[in-house]
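Colleague: Below are the chains, spelled out letter by letter.
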Amino acid sequence: MTNNTTFLGTSIGKKVVMAASGFIIFGFVVVHIMGNLQLFLGAKVLNDYAAFLQGLGPVKWAARLALLLSVLVHLASAFLVTLQSWQARPQKYAVQKYQATSYAARTMWLGGPIIGLFVIYHLLHFTTGHLHPVQGGFIPDADGGMNVYNNVVLGFQDPLASGIYIFTMLLIGLHLYHGLWSMMQSVGLNHPRYNHLRKGFAVLFALFVAGAGISLPIAVLSGLVTPV
Amino acid sequence: MKLDSKTPDGPIEKRWDDYKFRLKLVNPANKRKFKIIVVGSGLAGASASATLAELGYNVDCFFYQDSPRRAHSIAAQGGINAAKNYQSDGDSIHRLFYDTVKGGDYRARESNVYRLAQVSNNIIDQCVAQGVPFAREYGGNLANRSFGGAQVSRTFYARGQTGQQLLLGAYSALMAQVNAKKVQLHRRTEMLELVVAEGRARGIVTRNMVTGQIESHAADAVVLATGGYGNVFYLSTNAKGCNVTAAYRAYKKGAGFANPCYTQIHPTCIPVHGEYQSKLTLMSESLRNDGRIWVPKNKGDARVPTQIPENERDYYLERRYPSFGNLVPRDVASRAAKKVCDEGRGVGSTGLGVYLDFSDAVSRLGKDGVRERYGNLFHMYEKITAENPYKVPMRIFPAVHYTMGGLWVDYNLMTTIDGCFAIGEANFSDHGANRLGASALMQGLADGYFILPYTIGDYLATVGNNPLSRDDKHFVKSVEDANGKVSTLLGIKGERTPDSFHRELGKLLWDNCGMARSDESLKSALARIPQIKDEFWQNLKVPGNGRELNQTLEMAGRVADFIDFSEILVKDALARTESCGGHFRVESQTDENEAKRDDAQFSHAAVWEYKGEGSAPERHVEPLSFEYCKPSQRSYK
Amino acid sequence: MNFTLKVWRQKPGEKGKLVTYDSKDISADASFLEMLDVVNERLIEAGQTPIAFDHDCREGICGMCGCVVNGFAHGHQSGTTLCQLHMREFKDGSVIYIEPWRSKAFPVIADLIVDRSAFDAIITAGGYISIRTGSAPDGNAIPISKDVADAAMDVAECIGCGACVAACPNASAMLFTSAKISQLALLPQGQPERMTRAQRMVRAMEDAGFGACTNHGECEAACPKEISMNNIARLNREFIGASVKK
Chain A
1 MTNNTTFLGT SIGKKVVMAA SGFIIFGFVV VHIMGNLQLF LGAKVLNDYA AFLQGLGPVK
61 WAARLALLLS VLVHLASAFL VTLQSWQARP QKYAVQKYQA TSYAARTMWL GGPIIGLFVI
121 YHLLHFTTGH LHPVQGGFIP DADGGMNVYN NVVLGFQDPL ASGIYIFTML LIGLHLYHGL
181 WSMMQSVGLN HPRYNHLRKG FAVLFALFVA GAGISLPIAV LSGLVTPV
Chain B
229 MKLDSKTPDG PIEKRWDDYK FRLKLVNPAN KRKFKIIVVG SGLAGASASA TLAELGYNVD
289 CFFYQDSPRR AHSIAAQGGI NAAKNYQSDG DSIHRLFYDT VKGGDYRARE SNVYRLAQVS
349 NNIIDQCVAQ GVPFAREYGG NLANRSFGGA QVSRTFYARG QTGQQLLLGA YSALMAQVNA
409 KKVQLHRRTE MLELVVAEGR ARGIVTRNMV TGQIESHAAD AVVLATGGYG NVFYLSTNAK
469 GCNVTAAYRA YKKGAGFANP CYTQIHPTCI PVHGEYQSKL TLMSESLRND GRIWVPKNKG
529 DARVPTQIPE NERDYYLERR YPSFGNLVPR DVASRAAKKV CDEGRGVGST GLGVYLDFSD
589 AVSRLGKDGV RERYGNLFHM YEKITAENPY KVPMRIFPAV HYTMGGLWVD YNLMTTIDGC
649 FAIGEANFSD HGANRLGASA LMQGLADGYF ILPYTIGDYL ATVGNNPLSR DDKHFVKSVE
709 DANGKVSTLL GIKGERTPDS FHRELGKLLW DNCGMARSDE SLKSALARIP QIKDEFWQNL
769 KVPGNGRELN QTLEMAGRVA DFIDFSEILV KDALARTESC GGHFRVESQT DENEAKRDDA
829 QFSHAAVWEY KGEGSAPERH VEPLSFEYCK PSQRSYK
Chain C
866 MNFTLKVWRQ KPGEKGKLVT YDSKDISADA SFLEMLDVVN ERLIEAGQTP IAFDHDCREG
926 ICGMCGCVVN GFAHGHQSGT TLCQLHMREF KDGSVIYIEP WRSKAFPVIA DLIVDRSAFD
986 AIITAGGYIS IRTGSAPDGN AIPISKDVAD AAMDVAECIG CGACVAACPN ASAMLFTSAK
1046 ISQLALLPQG QPERMTRAQR MVRAMEDAGF GACTNHGECE AACPKEISMN NIARLNREFI
1106 GASVKK
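Chains as they are written, first to last, in our numbering: chain A, 1 to 228; chain B, 229 to 865; chain C, 866 to 1111.
Here chain A stands alone, though its shape is the one from the complex:
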């Protein structure tokens, strides 16, 4: 018996890492989406918030670095855990039926990479502007500042872009639902008295993130929110 396998050498260890990095990313997503919801409070609020973030300087870069690191760690641990599971069943069943697992659970491995691609698209779309649908990229404010509000609204007026967002938000919702409840299992957060609440908690947060994310393109497409 190899008693020298390290903690991280075990699948449980890797899942703890996956859970911890996933939780950091989840935290970012929640803050990010709450920031974005300020779209509904008008151009000034959102633009001021954006300017505040831009003004953070080194803190901003530290946060970005931490986030990037979390994503890489999340990816690596997910890859290793999935690989171990694939190797564990070299011969597949001719017929296999499921009774308990969810669509969310079975698409975790696929959802991750798709969300990753989306993040790249999202950055090119709203951060660097390379994929922004409006000719010439971002439109600066009259006073030279970045009019984030208008950029977002104009960006979402393209049905294709909105479609990609809505689709991915659904996927993120699924990923979060299984990820959150799975995280509690993986780090051993359970107690007979509260176990029935665990799935509800996961559903609640997944719905919030996905719902909030979808509400933005819908609001723009439906004309509820217009450029100023």
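To be clear, the hints were calculated from the coordinates, so they are not data collected in a lab. Watch out, some of these pointers could steer you wrong.
Claimed, not checked - Coverage of chain C stretches by chain B, computed from C-beta distances (three or more under 8 Å per stretch; other residues unrestricted):
{"id": "1", "region": "943–955"}
{"id": "2", "region": "962–973"}
{"id": "3", "region": "979–990"}
{"id": "4", "region": "1017–1031"}
{"id": "5", "region": "1049–1061"}
Said to hold, decoys possible - Simulated crosslink set (DMTMM-like; lysine to aspartate or glutamate; CA at most 25 Å straight-line):
{"id": "6", "chain 1": "B", "residue 1": "Lys769", "chain 2": "C", "residue 2": "Asp1003"}
{"id": "7", "chain 1": "C", "residue 1": "Lys889", "chain 2": "B", "residue 2": "Asp727"}
{"id": "8", "chain 1": "B", "residue 1": "Lys713", "chain 2": "C", "residue 2": "Glu906"}
{"id": "9", "chain 1": "B", "residue 1": "Lys481", "chain 2": "B", "residue 2": "Asp232"}
Glycine included, every Cβ here is placed at the ideal spot set by N, Cα and C.
Got chain A; can you put chains B and C on it based on the hints?
Modeller: This is chains B and C only, laid out in the frame that chain A set:
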């Protein structure tokens, strides 16, 4: 054959302690030089292997399943007795001893039974310490229930899976020793021969059931913990793989086989429903605490049970045994069921069944109350029969369950072959002619944890450490014999499957040597067995070869030994013209059709000695004397 | 009843395949294994090699039997082993797929028989309380509340059949391992070895080649003893705690 029981003298409560003190010891440094073979990994085999390894011996443990945890001890439901007297209801070692001797119908050795009762308490302590989750009271103490007609509550239990939990406890102890490299497991391996040289057991010959390899293993002592032979009846509550081969091979090499006619028929099993049926399922005896047993008063009453009015039902146990009612001992309840079915009043499509009715219990305790007590059993019954026992009465019928007979052993648990020990159900020692409920688990663990590990040391210290080489002619010959048997079985190339012979043999025994035996039925069985045997060796069909996994070949070898063994079973039943315990001779009954013992002639254990192929086996006797429990006729009126 | 069976046949050292068999005139009251018995009897009579399958007690407690039937470990009926499943649960005339447990850690020995010694290896690594025979204190020396004893019993019911591994999309053995770790972690007797037990059993499990648990819950659904996957969370906690403290 010399039958020296080595039973100590003196006051019975001091015998085992004094005896232990007189036993020779093996020096701790020398223990590691000895190797012991244990065949079987049930309660007896696993507990013995673990304890011997803890003491320092090297143990090789063989079993036919894929893991030691699967041995059939795992299926025991009810519980395990111990004389803890935690209930302060008047229990004591002496009372457990007395109840066991009496329950066995005065056909067991007093000294052995007393020792069993003494160590019963250590078993509970040991199992609790291993983490066996026995049922507890709200205060945190161990719970007890009453069982099998005993007048005290001395049965410890873990829901309806006591056997499972005790076996997993012994299995965990065994695996700890595997981890310590003191035990080597031989999984999917079955014993085919015992190697005996100059009267001493020196090893065994086995077949690896995966590769087909026939191998020999040498050791300083061989322990057979191979269970009972109930499957000789084909249908029984035993696991499909249970067999008599190891014990029968030992018998053929000179081990006396004691009381093979003592088989226990359990009254509450699910009835047979078709030709294809492979086994019978036991429903815990505890059901008789609240269920009422009845059949229609009139022959051939085909109405559904709920349509039969109260005054046309015969609650025959309550009628015949007013003081014990539905709680009479197993043998009595089984015979009473057979009697009403013989009268043509049996129920179900085969007419071989009686009702076990819970409608009174449901109206008294409510459906939930009944579910709390018997939920898992009702669930199991419904799964098998697709009938809801909360609404319609269960149908039950007796089935072969346990065998009290087995290899004869002395007080050291050694057979008539030096160095060959038999423990658990495989020996004959403690239950006499009838075993009380919750006593089998007790005996298996007593032998394995607390008795054999002491007594085997005495033998090893006496003979010293001089194992026989596997190149010795006795080993070579045994390997040849085993190989020869395999090729013979494969070479017959007839028409019939091993199972078809097994079914035929089983039915013959059940009909002629089952719940009731008569001179006539036994003689007709004895006439028929050789015919079955002849046909077997001429018309058997085993496809495949012997060099790979071949389940038909395994079965064929076991059926061959069952056929041979059935002959001594019937001969033993024929010779014992009295009724006692599980053995009911029609010729020996009281005016009220109850079993009538004949202590003047049969207060002994009958021990059969193999005399060679074609010669009649010889019957020896070990007289039994009763100093502390005076034999009396059992009455449950 | 009549069925068409698609059975996995595999000889040692060879690649296996699904082979079709007719299973005719089967009683509705026969158990699944009795149905296979009948098919095998006919195969033997026809001079063919019968289908090898593991079985023993045939009452749902030994854990020896088990196949994936129509995609479900132990068949579609919940809370049952294969030997407790009866043919009346199937549609007359239907096709039944029968495959062995599939996992790298459970290599096929022949046909439907797999080698589950990896489970024994997990227990060998630490699934026990080290207590020398004869050295135990009185059974009532340590009171254990009924709730704790019942909770320990709930998990101790595991029969080690391997259905959890077979049903898991990842072929993970976490439910099996967690059942034993939970039983002994719940009981006071199990405390002294609690840390080393979790560490050693998890490592043995990993070494055997099982997959990782990603919380699908298929194990719990397939378990014939309906052991809860909440125990997997407990296993994780035990292992993490042990790794932090030791």
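Colleague: Each of the hints needs a verdict: does it hold here or not?
Modeller: Verification of the hints:
1. 943–955: This one holds; 4 residues, not fewer than the three required, reach chain B with a Cβ under 8 Å.
2. 962–973: That given contact is violated, which follows from only 0 residues of the region 962–973 of chain C lying within Cβ reach (below 8 Å) of chain B.
3. 979–990: Satisfied; 8 residues make the cut.
4. 1017–1031: holds (count 6)
5. 1049–1061: holds (count 4)
6. Lys769/B with Asp1003/C: At roughly 56 Å apart (the allowed maximum being 25 Å), Asp1003/C and Lys769/B break the hint.
7. Lys889/C with Asp727/B: 19 Å, holds
8. Lys713/B with Glu906/C: 22 Å, holds
9. Lys481/B with Asp232/B: Distance ~18 Å between Lys481/B and Asp232/B Cα, so the pair holds.
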